[in-house]
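Heads up: the sequence lines are chains A and B, in that order.
Start counting the first sequence at 1; every next residue gets the next number (full-length UniProt numbering).
Start counting the second sequence at 1; every next residue gets the next number (full-length UniProt numbering).
Just so you know, the hints here were simulated from the structure itself, not pulled from any lab data.
Only a predicted model underlies this, so the values are computations on that prediction, with no experimental measurement involved.
Everything hinted at is true.
Okay, the calculated beta carbon distance ranges per label pair: (1) B:K318 with A:R84: 57 to 63 Å; (2) B:D136 with A:P54: 48 to 54 Å; (3) A:N113 with B:G22: 52 to 58 Å; (4) B:T270 with A:S14: 49 to 55 Å; (5) B:E73 with A:G105: 53 to 59 Å; (6) A:P112 with B:A249: 43 to 49 Å; (7) B:E67 with A:A121: 33 to 39 Å; (8) A:P54 with B:K329: 57 to 63 Å.
Derived DMTMM-like pairs (lysine to aspartate or glutamate); straight-line CA-CA distance at most 25 Å: (9) A:K176 with A:E64; (10) A:K318 with A:E356; (11) B:K318 with A:D180; (12) B:K318 with A:E238; (13) A:K273 with B:E267; (14) B:K176 with A:D347; (15) A:K234 with A:D123; (16) A:K127 with B:E315; (17) A:K234 with B:D322; (18) A:K246 with A:D135; (19) B:K234 with A:D322; (20) A:K318 with B:D180; (21) A:K176 with B:D180; (22) B:K234 with A:E315; (23) B:K273 with B:E36; (24) B:K31 with B:D298; (25) B:K127 with B:D96; (26) B:K176 with A:D180; (27) A:K127 with A:D107; (28) A:K318 with B:D191; (29) A:K318 with B:D123; (30) B:K87 with B:D349; (31) B:K318 with A:D235; (32) B:K273 with A:E267; (33) A:K246 with A:E267.
Ideal Cβ positions, reconstructed from N, Cα and C, are used throughout, including at glycine.
There are 2 protein chains.
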Amino acid sequence: MVSDSSTLLYPALSADHPLNSGLTHDATLIKAYRGERSETLPVWFMRQAGRSLPEYRKLREGTEMLESCLRPEMASEITLQPVRRHKVDAAIFFSDIVIPVKCAGVDVQIVPNVGPVLGEAIDTPEKVAALPELDDAALDPIREAVALTVAELGSTPLIGFGGAPFTVAAYMVEGKPTRDHLGPRSMMHADPETWHALADWAGRVTAQFIRAQVEAGASSIQLFDSWAGSLSLKDYQEFAQPHSAKVFADLDDLGVQKVHFGTGTGELLTAMKEAGADVIGVDYRLPLDVAAQRVGADTPLQGNIDPALLTAGWEPLKADIDAVIAAGKNAPGHVLNLGHGVPPTTDPDVLTRIVEYIHAQPGR
Amino acid sequence: MVSDSSTLLYPALSADHPLNSGLTHDATLIKAYRGERSETLPVWFMRQAGRSLPEYRKLREGTEMLESCLRPEMASEITLQPVRRHKVDAAIFFSDIVIPVKCAGVDVQIVPNVGPVLGEAIDTPEKVAALPELDDAALDPIREAVALTVAELGSTPLIGFGGAPFTVAAYMVEGKPTRDHLGPRSMMHADPETWHALADWAGRVTAQFIRAQVEAGASSIQLFDSWAGSLSLKDYQEFAQPHSAKVFADLDDLGVQKVHFGTGTGELLTAMKEAGADVIGVDYRLPLDVAAQRVGADTPLQGNIDPALLTAGWEPLKADIDAVIAAGKNAPGHVLNLGHGVPPTTDPDVLTRIVEYIHAQPGR
Chain A
1 MVSDSSTLLY PALSADHPLN SGLTHDATLI KAYRGERSET LPVWFMRQAG
51 RSLPEYRKLR EGTEMLESCL RPEMASEITL QPVRRHKVDA AIFFSDIVIP
101 VKCAGVDVQI VPNVGPVLGE AIDTPEKVAA LPELDDAALD PIREAVALTV
151 AELGSTPLIG FGGAPFTVAA YMVEGKPTRD HLGPRSMMHA DPETWHALAD
201 WAGRVTAQFI RAQVEAGASS IQLFDSWAGS LSLKDYQEFA QPHSAKVFAD
251 LDDLGVQKVH FGTGTGELLT AMKEAGADVI GVDYRLPLDV AAQRVGADTP
301 LQGNIDPALL TAGWEPLKAD IDAVIAAGKN APGHVLNLGH GVPPTTDPDV
351 LTRIVEYIHA QPGR
Chain B
1 MVSDSSTLLY PALSADHPLN SGLTHDATLI KAYRGERSET LPVWFMRQAG
51 RSLPEYRKLR EGTEMLESCL RPEMASEITL QPVRRHKVDA AIFFSDIVIP
101 VKCAGVDVQI VPNVGPVLGE AIDTPEKVAA LPELDDAALD PIREAVALTV
151 AELGSTPLIG FGGAPFTVAA YMVEGKPTRD HLGPRSMMHA DPETWHALAD
201 WAGRVTAQFI RAQVEAGASS IQLFDSWAGS LSLKDYQEFA QPHSAKVFAD
251 LDDLGVQKVH FGTGTGELLT AMKEAGADVI GVDYRLPLDV AAQRVGADTP
301 LQGNIDPALL TAGWEPLKAD IDAVIAAGKN APGHVLNLGH GVPPTTDPDV
351 LTRIVEYIHA QPGR
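Chain A on its own, in the form it takes in the complex:
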């Protein structure tokens, strides 16, 4: 328990921050992110807060996605729902990677079954140059939601949430989700200056967004580079990694552990680590022992149960979990998770059973 501000472990955070007050400092999740093992393995699920839960669907009825992210009580309640139900070892802040874009004043909404759609694509030098700065006060609903959440969570850590600059900027260039991200990948080569200006902007508003969450009480953060797998290593290194690195560097003074995740990123894991991540999230395609060889045996790992197995019955699912736990022994710390987000059609009871099963296994 740390109560004297002169002895703060995380000097950039307040004395009563869950990390400094000691509430979450030794949670199994935070220890694993630091590379330490506990008696039990920590587990949470990407997209655990969301459409797989009936209580979520009920609460969201009649409220648009981004609107629900900006109503502090609702965002907090949605964040807490899976913790209560599944007894996972962490909450992930319910939000969206385009929230800082919206808070900066860009016209964007989440269209159901489509994803983020912008009023107009940000695909010219003029539109990029005209992007507004993000007034920090616009993030007050985020800070409020986080504060409400950590007050309820007690010793369960909250993970802050943000999108990596490449992925956020990719949505902005296309104006909507696409499969191959041809627009942003073309812009990188056709007009690198405009690309870098846009990715820099996306990184700056995302860093503000994540900082707000940590200062209000989040105990670690995860940067999602959902679309990074569409890049060659060379393009990743030149056009994406420097901007992710800047986000991580911007947050360094906070002292929290930083997780980095993308899908289809087997070839990029080392470069993603080198961007400044402390922990690497691995998608379901790559066994964790292979991932550990690539990123180095000193790197804590998160992952990577195959979401496809959530509907395959308990025996195949259990076999996969056992294999993931065994492969994870190659990392100094291991946080169990899926190798991608929870599919909306998932039976939540399966997730609860996974948590019970993992908590019954030895953590060392």
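Following the hints, put chain B in place on chain A, whose structure we already have.
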């Protein structure tokens, strides 16, 4: 020129087959697929026959996609259009990977801007067991289209076309295109017997479909495993590779070179080669020198200009082509192509210019 059937180079094919008659036997494409270099580098484009061409859009007006594949004159004309326009070194047969599924009597159509949609998903043991065999006579329109095409092509080889069993079966289990292929990937583990029966069926009808094309005049074939990149190496080896291997083995007696391609398959290339492919197509993510290290220096390669660069202006595109040609020197034979299909919005003049540029480079 081979005219005496006792000296046929390809004894499973007729004496007047373009390969046996000598018409295509020494085409730069066929030589490159055999691992030999010519004075110039051969080039063609995946999806070169299709929506990027105004003459295609005009011809297709009012005709559904699969219907156009089954009208011999139309399929042949569409196949020929890009050869006339771009002077590419090969035609790729205009068809769809679900054509053999449809010809077997399964209710499937291509919905514009969506993809293959089945009347009902084939997602139970009963539905898989009830799948009809493919009557070879149902492929007569394919044979006729190929014969019309090679008669016009002369010394330009036609590449036969088919979908790998995993990708075809994935569409069948979901009943429609999906992003993560959760249904088929779940079925593999939940009910491996049903999965294998379905993939075996998909492989059998595809082998019939490809054989029909080769016997009617195609000089090589390409098996597309578009969705293989969604699989871990372990799942690929257990649930996809054996079925692709069976297709390749079924076609072995024809003696033609067999190309294998998928996207996001960097981690799977060696396993795809080991399925029985002679040539590996590489997507835009992986440089060809790295691909050559993985699959072995004796393997001809095809690829892998980044389609995103088609809209980036000539200088960045030329730089990519130059890098692809240089990296391709690590393979015994190299066929230039895109690292994915031609996007529908591509300016066809850019493709023509690429062909001219590549043909002006030394092939050795």
